[in-house]
Amino acid sequence: MQPAESVNYIPEQAEILDTKNFTENEKFFRIRLKSEKCLGHIPGQFVELSIPGIGEAPISLCSSPTEKDFFEVCIRKTGNVTNAIHKLKTGDTIGIRGPFGNGFPVERLTQKNIIIVGGGLGVVPLRSLINYISDNRLDYKNIYLLFGTKTPGSLLFYDEFVKKADKHTTYMNIVDYPDKGWTGRVGVITTLIPEVDINFREAYSVIVGPPIMYKFVIRELVSYGMPKEHIFLSLERRMKCGLGKCGHCQMHNLFTCQDGPVFDYAQLENIKGAI
Amino acid sequence: MKYKIIKINDFKSRLRLLLSNYEFWGVTEKVKVPTTGPKFSFERINDIENISWDYDFTILPPKKILFPPVQTLMKYRENEYIPPQKQYPELDKNIIIFGVHSYDIVALNILDICFLAENADPYYKQKRDKTILIGIEHKPNEYNFSKDMQTHQIEKGFDLFLYKINDDYIIAVGSEKGKIILDELEVKEEASIDQVFALNDKRYADAEAIPYKMKMTNHELPNILSNSENNKMWEEINEKCFSCGSCNLVCPTCYCFDVRDNPDIDLKTGFRKRYWDGCMLREFAIVAGGENFRPNARHRLMHRFFRKGWYLKEKLGGKLACVGCGRCSQTCKAEINILDCFNKLKEEYNATCRIS
Numbered sequence: 001m002q003p004a005e006s007v008n009y010i011p012e013q014a015e016i017l018d019t020k021n022f023t024e025n026e027k028f029f030r031i032r033l034k035s036e037k038c039l040g041h042i043p044g045q046f047v048e049l050s051i052p053g054i055g056e057a058p059i060s061l062c063s064s065p066t067e068k069d070f071f072e073v074c075i076r077k078t079g080n081v082t083n084a085i086h087k088l089k090t091g092d093t094i095g096i097r098g099p100f101g102n103g104f105p106v107e108r109l110t111q112k113n114i115i116i117v118g119g120g121l122g123v124v125p126l127r128s129l130i131n132y133i134s135d136n137r138l139d140y141k142n143i144y145l146l147f148g149t150k151t152p153g154s155l156l157f158y159d160e161f162v163k164k165a166d167k168h169t170t171y172m173n174i175v176d177y178p179d180k181g182w183t184g185r186v187g188v189i190t191t192l193i194p195e196v197d198i199n200f201r202e203a204y205s206v207i208v209g210p211p212i213m214y215k216f217v218i219r220e221l222v223s224y225g226m227p228k229e230h231i232f233l234s235l236e237r238r239m240k241c242g243l244g245k246c247g248h249c250q251m252h253n254l255f256t257c258q259d260g261p262v263f264d265y266a267q268l269e270n271i272k273g274a275i
Numbered sequence: 001m002k003y004k005i006i007k008i009n010d011f012k013s014r015l016r017l018l019l020s021n022y023e024f025w026g027v028t029e030k031v032k033v034p035t036t037g038p039k040f041s042f043e044r045i046n047d048i049e050n051i052s053w054d055y056d057f058t059i060l061p062p063k064k065i066l067f068p069p070v071q072t073l074m075k076y077r078e079n080e081y082i083p084p085q086k087q088y089p090e091l092d093k094n095i096i097i098f099g100v101h102s103y104d105i106v107a108l109n110i111l112d113i114c115f116l117a118e119n120a121d122p123y124y125k126q127k128r129d130k131t132i133l134i135g136i137e138h139k140p141n142e143y144n145f146s147k148d149m150q151t152h153q154i155e156k157g158f159d160l161f162l163y164k165i166n167d168d169y170i171i172a173v174g175s176e177k178g179k180i181i182l183d184e185l186e187v188k189e190e191a192s193i194d195q196v197f198a199l200n201d202k203r204y205a206d207a208e209a210i211p212y213k214m215k216m217t218n219h220e221l222p223n224i225l226s227n228s229e230n231n232k233m234w235e236e237i238n239e240k241c242f243s244c245g246s247c248n249l250v251c252p253t254c255y256c257f258d259v260r261d262n263p264d265i266d267l268k269t270g271f272r273k274r275y276w277d278g279c280m281l282r283e284f285a286i287v288a289g290g291e292n293f294r295p296n297a298r299h300r301l302m303h304r305f306f307r308k309g310w311y312l313k314e315k316l317g318g319k320l321a322c323v324g325c326g327r328c329s330q331t332c333k334a335e336i337n338i339l340d341c342f343n344k345l346k347e348e349y350n351a352t353c354r355i356s
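As they're listed, the protein sequences go chains F and V. In terms of the numbering used here, the numbers along the first sequence are unbroken and rise by one, the last being 275. In terms of the numbering used here, the numbers along the second sequence are unbroken and rise by one, the last being 356.
If you're looking for bench data, these hints aren't it; they were derived computationally from the structure. Take the hints with a grain of salt, since some may be wrong.
Unchecked claim - Restricting the straight-line Cα-Cα distance to at most 27 Å, the calculated cross-link-like pairs of lysine-lysine (DSSO-like) are:
| # | chain 1 | residue 1 | chain 2 | residue 2 |
| --- | --- | --- | --- | --- |
| 1 | V | LYS164 | V | LYS39 |
| 2 | F | LYS34 | V | LYS268 |
| 3 | V | LYS39 | V | LYS139 |
| 4 | F | LYS89 | V | LYS75 |
| 5 | V | LYS213 | V | LYS240 |
| 6 | V | LYS7 | F | LYS77 |
| 7 | V | LYS240 | F | LYS272 |
Extracted from the complex, chain F is given alone in its bound form:
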């Protein structure tokens, strides 16, 4: 058989260069293709990671494409594949297909004020965008990073992001359930939005988080005057093939794995069940 070059279900081998346990359930991996080719992704795209005998899972990339020698993912243990990936160590081999999807609209965000909102694990795909913006800082205006998590312990990449804060980059976070040492904000993520002091009509927003968060964050942003087509969100669906074939991620005429996962709110507003 001569598989068409454009598509392949056969994973490529990659080597795990480094790992870090972030929390009990979230582990960070730095990976390089064994071919030493650059993955060449766009922030917001995902890959299918493969463990022989277990299967594949769609995983968001969390490193910026400006890092050409490797790519990074941060994986929460939730199913068979992710549990198996958690057992891998530096030097182990993993299968990979991709990158897939459209990614964040980095061009449209150029020279704009951007509010980046991440809920829970949503911060992981957003890191690819945030680091990309840092590496091309002159192409973007003011950046507001608003992150919410259940507990202080599940705030990922805190040290990294807090370092980025400066005159033009604001970092804010909030938790639902504070622990003893927590002195920061407590509450829901929408309460951070009024603290952003910019013209919402011209600003853009990129949101990644659990489905329930989208409704409330979008409502808040729209109430401040942000146009619907300025609000970008990345949707989670069961993306089995990544090629617009297997049907699991379809909503209306859209295949999340190919047409998304990033959509603007104007595209999704009338699609029932999208958010």
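Based on the hints, put chain V in the right spot on chain F.
Same frame as chain F, but now just chain V:
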């Protein structure tokens, strides 16, 4: 289009010539059901006598040949993934699917678009490139509404199409591949213009004799469906539906699949295979965190019906994904009939339009 003509008996006896050189699939009687008559199936044919020339529809559509219910995508050994080409270097024979009804040919043309138009699926392509479709005429049964979906008579999409006129077959030659088959069968005589005209008259009369069953044209369907969200019919069928996915299995244009690994006993080697999946199954749209984007049968029914009558229209260049074969209605244990559902939505739509 070129047309050839041959005596039916001659054609049947020559058809044997193809059995040994091709992977030959035809329709055969699978089970006898005393109450409703026999059920038919596409099977490998070893004896021409086993072919059913007159059948209503097959249990499974011919998609099962090009997109098998279980298909090996690759073998794996430790961390190495080996594509099928390296496992089985010998080339298989070309495939003939014989006796396909027009609606199933349209359905295969739809699968061609879905699998091949973008990101061509190598597994489907490999089989499809080697496949020759030979169509025959059909009479719609009680479930079939192919006339309404404009799939009852077709002018393209096949390699050969057999029309019965008295003791002859007039054979429409739809492609070069079809022509080669007729050469192999030594079917040489061209149909005369009078014979082709007579055929067209007969086809017209056949079509006229079949009633329309849908209370709208198929062009109206996307609009009816897109305005149906709050229709109480969805609630009614939500109550009935078992979410068993039978409709997905028998649908000639359902092609969703799942991918699963099958480890050997050594746990080091195994096969990665794809399996037919169905959007009517409860777990189809569940993601890692447990969120189910179509939690109730209602959502899943809407997704499936809309996919058939609306969502894929753009992708299919204006065609709808439902070809009106009626298999889903026949197979549904809850007796949900897709045609009745479409008609009910149309009636309600008319009623609301009158009120407003």
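Query raised in the report: Within a Cα-Cα threshold of 27 Å, do LYS89/F and LYS75/V meet the stated pairing?
Result: Holds. LYS89/F to LYS75/V sits at ~24 Å (cutoff 27 Å).
Query raised in the report: Are the Cα atoms of LYS240/V and LYS272/F separated by 27 Å or less?
Result: holds, 22 Å
**Report entry** Proposed proximity, LYS77/F with LYS7/V (alpha carbon, max 27 Å)
**Finding:** At roughly 67 Å apart (the allowed maximum being 27 Å), LYS77/F and LYS7/V break the hint.
Query raised in the report: For the pair supplied as a hint, LYS164/V and LYS39/V, is the alpha-carbon distance within the 27 Å limit?
Result: holds, 23 Å
Query raised in the report: Has the given pair, LYS34/F with LYS268/V, been kept, meaning a C-alpha gap of at most 27 Å?
Result: holds, 20 Å
Query raised in the report: Is LYS39/V within 27 Å of LYS139/V, Cα to Cα?
Result: It holds: about 15 Å lies between the C-alpha atoms, which stays within 27 Å.
Query - Hinted pair LYS213/V and LYS240/V, Cα distance within 27 Å - result: Between LYS213/V and LYS240/V the Cα gap is close to 23 Å, so the pair holds against 27 Å.
Checked against the numbered hints listed earlier, the structure breaks hint 6 alone; every other hint is satisfied.
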